[in-house]
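2 protein chains.
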Amino acid sequence: MQPEPNAELDTVVMKFGGSSVAEPKQIRHVAQRLVAARERGLRVVGTVSAMGSTTDSLLELARRVSPSPHPRELDMLLSTGERVACALVAMAVHDFGQEAVSFTGSQAGILTDAVHTKAKIREITPVRVLSALDDGKIVLVAGFQGFSRDTMDVTTLGRGGTDATAVALAAALGASCEIYSDVPGVFTADPRMVPEARKLSQVSYEEMLEMAASGARVLMLRAVELARGRQVPIHARSSFSDEPGTWVQDAPGMEQPIVSAVTHSVDEVLFVLRDVPDRPGSAAAVFEAVAAEHVNVDTVLQNSALETAELSFSVPLDDVPGARLAVERARSTLGPVALEELADLGTVSLVGAGMRSHPGVAAKMFRTLADDEINISLISTSPIKITVMIPRADVERAVRALHAAFGLGDEATAGAAG
Amino acid sequence: MQPEPNAELDTVVMKFGGSSVAEPKQIRHVAQRLVAARERGLRVVGTVSAMGSTTDSLLELARRVSPSPHPRELDMLLSTGERVACALVAMAVHDFGQEAVSFTGSQAGILTDAVHTKAKIREITPVRVLSALDDGKIVLVAGFQGFSRDTMDVTTLGRGGTDATAVALAAALGASCEIYSDVPGVFTADPRMVPEARKLSQVSYEEMLEMAASGARVLMLRAVELARGRQVPIHARSSFSDEPGTWVQDAPGMEQPIVSAVTHSVDEVLFVLRDVPDRPGSAAAVFEAVAAEHVNVDTVLQNSALETAELSFSVPLDDVPGARLAVERARSTLGPVALEELADLGTVSLVGAGMRSHPGVAAKMFRTLADDEINISLISTSPIKITVMIPRADVERAVRALHAAFGLGDEATAGAAG
Chain A
1 MQPEPNAELD TVVMKFGGSS VAEPKQIRHV AQRLVAARER GLRVVGTVSA
51 MGSTTDSLLE LARRVSPSPH PRELDMLLST GERVACALVA MAVHDFGQEA
101 VSFTGSQAGI LTDAVHTKAK IREITPVRVL SALDDGKIVL VAGFQGFSRD
151 TMDVTTLGRG GTDATAVALA AALGASCEIY SDVPGVFTAD PRMVPEARKL
201 SQVSYEEMLE MAASGARVLM LRAVELARGR QVPIHARSSF SDEPGTWVQD
251 APGMEQPIVS AVTHSVDEVL FVLRDVPDRP GSAAAVFEAV AAEHVNVDTV
301 LQNSALETAE LSFSVPLDDV PGARLAVERA RSTLGPVALE ELADLGTVSL
351 VGAGMRSHPG VAAKMFRTLA DDEINISLIS TSPIKITVMI PRADVERAVR
401 ALHAAFGLGD EATAGAAG
Chain B
419 MQPEPNAELD TVVMKFGGSS VAEPKQIRHV AQRLVAARER GLRVVGTVSA
469 MGSTTDSLLE LARRVSPSPH PRELDMLLST GERVACALVA MAVHDFGQEA
519 VSFTGSQAGI LTDAVHTKAK IREITPVRVL SALDDGKIVL VAGFQGFSRD
569 TMDVTTLGRG GTDATAVALA AALGASCEIY SDVPGVFTAD PRMVPEARKL
619 SQVSYEEMLE MAASGARVLM LRAVELARGR QVPIHARSSF SDEPGTWVQD
669 APGMEQPIVS AVTHSVDEVL FVLRDVPDRP GSAAAVFEAV AAEHVNVDTV
719 LQNSALETAE LSFSVPLDDV PGARLAVERA RSTLGPVALE ELADLGTVSL
769 VGAGMRSHPG VAAKMFRTLA DDEINISLIS TSPIKITVMI PRADVERAVR
819 ALHAAFGLGD EATAGAAG
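Chains as they are written, first to last, in the working numbering: chain A, 1 to 418; chain B, 419 to 836.
Everything labelled a hint here was simulated from the structure, so no lab data went into it.
Incorrect hints may have been included.
As the list claims (entries may be wrong) - A few chain B residues that face chain A, going by a derived Cβ cut-off under 10 Å, partial list only:
{"#": "1", "residue": "I445"}
{"#": "2", "residue": "M469"}
{"#": "3", "residue": "L479"}
{"#": "4", "residue": "R481"}
{"#": "5", "residue": "M509"}
{"#": "6", "residue": "F521"}
{"#": "7", "residue": "V684"}
To be verified - Which residues of chain A face chain B? A few of them, derived with a C-beta cut under 10 Å, are:
{"#": "8", "residue": "K25"}
{"#": "9", "residue": "R63"}
{"#": "10", "residue": "H70"}
{"#": "11", "residue": "M91"}
{"#": "12", "residue": "H94"}
{"#": "13", "residue": "L339"}
Claimed, not checked - So these bits of chain B aren't anywhere near chain A, every CB distance computed over 12 Å:
{"#": "14", "residue": "A449"}
{"#": "15", "residue": "S486"}
{"#": "16", "residue": "P487"}
{"#": "17", "residue": "R648"}
{"#": "18", "residue": "D668"}
{"#": "19", "residue": "Q720"}
{"#": "20", "residue": "E746"}
{"#": "21", "residue": "S775"}
{"#": "22", "residue": "G825"}
Quick reminder that beta carbons are idealized off the backbone N, C-alpha and C, glycines included.
Construct the entire structure; sequences and hints are all you get.
The following block contains the structure:
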């Protein structure tokens with residue numbers, strides 16, 4: 001059954017990632033998809049990321065100019081990548097016979113806070129977008145950026161910000177949201193790692209949040225959060241085919257699988273703080289400092305045995321310098337806590353909305369790993385996810401073993417707890 | 419004598435071309451120059467072009483996406499080049515210990531008409547620039563761009579638009595204007611062609627206009643026009659040294675040289691229209707059509723002998739397609755005029771504010787060329803310039819001969835009509 005939520009809506013926001021607009025040929029292809037949607041009678045908004053590795057090249061350029069580029073200027077710099085891509089797509093749309101107009105984040109009314117390089121969208125006032133749609137135009141909105149009404153400066157939303165742009169625009173326009181990428185949807189595991197991985201036709205916001213947080217790269221966490229908050233259905237699908245992908249939405253009537261997917265990550269570093277005073281406020285001191293550095297914390301775990309606690313948290317590689325700074329700052333409150341950084345670990349997670357009523361899932365997961373002689377360093381659970389940290393070298397083996405043990409490759413028995 | 423006009427002004431606009439910001443190292447060098455000016459107590463505005471050949475690369479990208487890129491989108495695309503360069507310079511300024519802030523053309527309040535890719539500056543409302551200067555910051559303004567208040571769209575000013583940005587900003591801010599490039603000033607002839615060519619310490623606006631129009635590439639025609647209209651002195655000087663360059667300004671008391679420089683151009687095509695009806699309105703029909711295509715016409719000449727006239731005009735290579743279109747359109751009014759395009763000619767001009775009172779200059783110029791057996795296809799004069807069109811292959815020889823004949827390499831006898 002192909003879900004068709006919001007079929008009554010006539011506006012669609014279509015988002016294309018950087019790898020979908022890396023070359024002129026692909027840009028024309030994206031334009032064709034937008035034109036096809038327009039010709040089906042939809043009001044069409046496209047939002048695209050910078051071409052290919054443009055953002056990385058701009059970052060590299062900034063680092064060659066300055067050891068620590070000024071954040072405001074970094075945003076001025078990085079925001080150009082999406083503008084280039086949008087203008088090019090708009091040109092190509094014209095060539096396919098439809099009118100198009102591209103807008104920068106600020107022209108599209110995307111208002112953010114003033115936290116440069118990691119701004120959050122506060123509000124969208126899409127006056128010019130609506131007016132262009134009313135004129136029958138295909139509208140391109142530069143992803144990944146907005147502007148702060150306080151400072152009137154250009155801001156960027158951080159990595160994956162274009163997904164957030166798409167969802168926020170869809171919410172503001174009452175549109176559905178299609179997120180195109182080089183993968184055809186959300187899979188039961190990374191297909192490059194598990195050949196028999198299966199595309200899911202639907203996942204709930206909650207499951208998608210856990211998957212995104214634990215390594216599935218199809219959708220960015222913040223975009224899913226935004227979508228859940230505003231109940232915007234997301235259709236994650238392939239740039240290269242018309243096949244349906246995966247719908248991310250809440251569909252109350254449906255039976256929820258016990259385990260939907262195995263996800264993994266090998267891009268994290270585990271910070272372990274020892275000798276943390278076991279008193280109220282210790283964890284707060286650490287995570288306030290971490291938040292002040294705008295570090296994204298994934299897993300957090302605290303073992304409090306005696307008079308001092310052990311506090312562990314994992315952060316993405318990019319955020320390691322910020323996390324170090326935060327720990328340094330927290331030491332002024334906590335005293336001389338010991339810090340260890342573990343960079344040779346990876347995480348593997350089982351995600352499934354149905355597991356909250358099936359306590360046997362964790363036991364089966366640990367047994368599967370034990371049978372494969374994979375040692376677990378850390379366990380962390382949420383109601384619908386179990387995450388283990390294991391040696392990075394064992395991640396691929398663990399993913400395959402768990403995918404097989406929970407029968408995720410088999411449509412009929414998918415997710416059976418055994 | 420080194421002229422020091424506007425020494426009482428404390429604001430300076432410093433413009434750097436694309437070749438001065440092509441690499442991170444050069445960007446830091448530009449930042450150092452801005453910082454040095456700030457540390458001498460000046461209020462400093464920098465305006466820079468896109469890095470190296472960025473604009474050409476973006477144009478090439480546009481052409482790979484679309485055979486005829488939509489002008490509005492082309493402006494969105496091209497305007498990013500200067501934003502990148504400005505943001506990078508601002509970052510580098512921070513590293514040298516001064517505060518800096520970069521603005522896009524629209525943030526800097528550069529209002530233009532809505533003629534995409536060739537917009538003209540209408541007005542500057544530099545509210546944010548002034549406020550940042552008051553805060554002691556070095557302000558970077560993205561060159562070559564502005565925005566239309568009518569459409570709220572980003573516009574670009576066409577080739578050399580950053581010079582226009584600099585002059586218009588200087589006028590709006592009551593500042594002096596320094597234009598830095600890889601040449602140390604305005605020369606009596608192209609030094610690559612004439613080794614004994616001499617740097618001029620001063621030229622009048624009028625002379626500079628004629629030089630720019632006839633091939634001198636140090637300053638763009640429109641920037642000089644703007645400067646003359648607003649009486650903004652321009653100091654054209656080298657990015658690589660602190661030596662004074664050439665001041666472009668009107669200094670009434672000074673004696674004006676008879677001949678200041680020999681200029682040349684080999685990038686033009688001569689359009690010759692034959693059998694043009696010799697009646698009022700013929701030339702208007704042609705040049706209205708030409709203006710509608712925003713083609714820059716250089717030399718115009720009409721010979722009206724019998725019942726039909728011959729009308730010739732030269733256009734830069736870039737504008738040839740537009741000129742063809744314009745002629746096609748004019749034929750509907752004029753009837754079947756014959757068109758010939760001559761692409762193997764070049765122009766050589768003598769420019770000098772003093773020549774208006776020395777009629778012997780033309781005769782000496784033609785004699786010099788005749789002695790070198792260089793055939794003249796077309797002659798066109800203004801009160802302070804004589805231009806000849808000659809075979810392109812003879813241009814270099816003609817420039818050398820004229821430079822020598824008028825003694826331009828020799829400070830003492832410079833410009834003597836002989």
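Each hint tested on the structure:
1. I445: I445 (chain B) check passes; min Cβ-Cβ to chain A is 5 Å, inside 10 Å.
2. M469: At about 9 Å, which falls below the 10 Å cut-off, the nearest Cβ of chain A leaves the hint on M469 (chain B) intact, so it holds.
3. L479: This hint holds: L479 (chain B) lies near chain A, its Cβ roughly 7 Å from the closest one there, short of 10 Å.
4. R481: At 9 Å from the nearest chain A Cβ, R481 (chain B) passes the 10 Å test, so the hint holds.
5. M509: holds (4 Å)
6. F521: Holds, about 9 Å.
7. V684: violated (32 Å)
8. K25: This hint holds: K25 (chain A) lies near chain B, its Cβ roughly 9 Å from the closest one there, short of 10 Å.
9. R63: R63 (chain A) check passes; min Cβ-Cβ to chain B is 9 Å, inside 10 Å.
10. H70: Since chain B brings a Cβ to about 5 Å from H70 (chain A), closer than 10 Å, the hint holds.
11. M91: Cβ of M91 (chain A) sits 4 Å from chain B, so the hint holds.
12. H94: It holds, given that the least Cβ distance between H94 (chain A) and chain B is near 5 Å, below 10 Å.
13. L339: With a closest approach of 30 Å, the L339 (chain A) hint is violated.
14. A449: violated (9 Å)
15. S486: violated (8 Å)
16. P487: Violated: least Cβ distance 5 Å, not greater than 12 Å.
17. R648: Holds, because the least Cβ-Cβ distance between R648 (chain B) and chain A comes to about 28 Å, which exceeds 12 Å.
18. D668: holds (38 Å)
19. Q720: holds (39 Å)
20. E746: holds (23 Å)
21. S775: With a cut-off of 12 Å, S775 (chain B) remains clear of chain A, as the shortest Cβ separation is near 53 Å.
22. G825: holds (47 Å)
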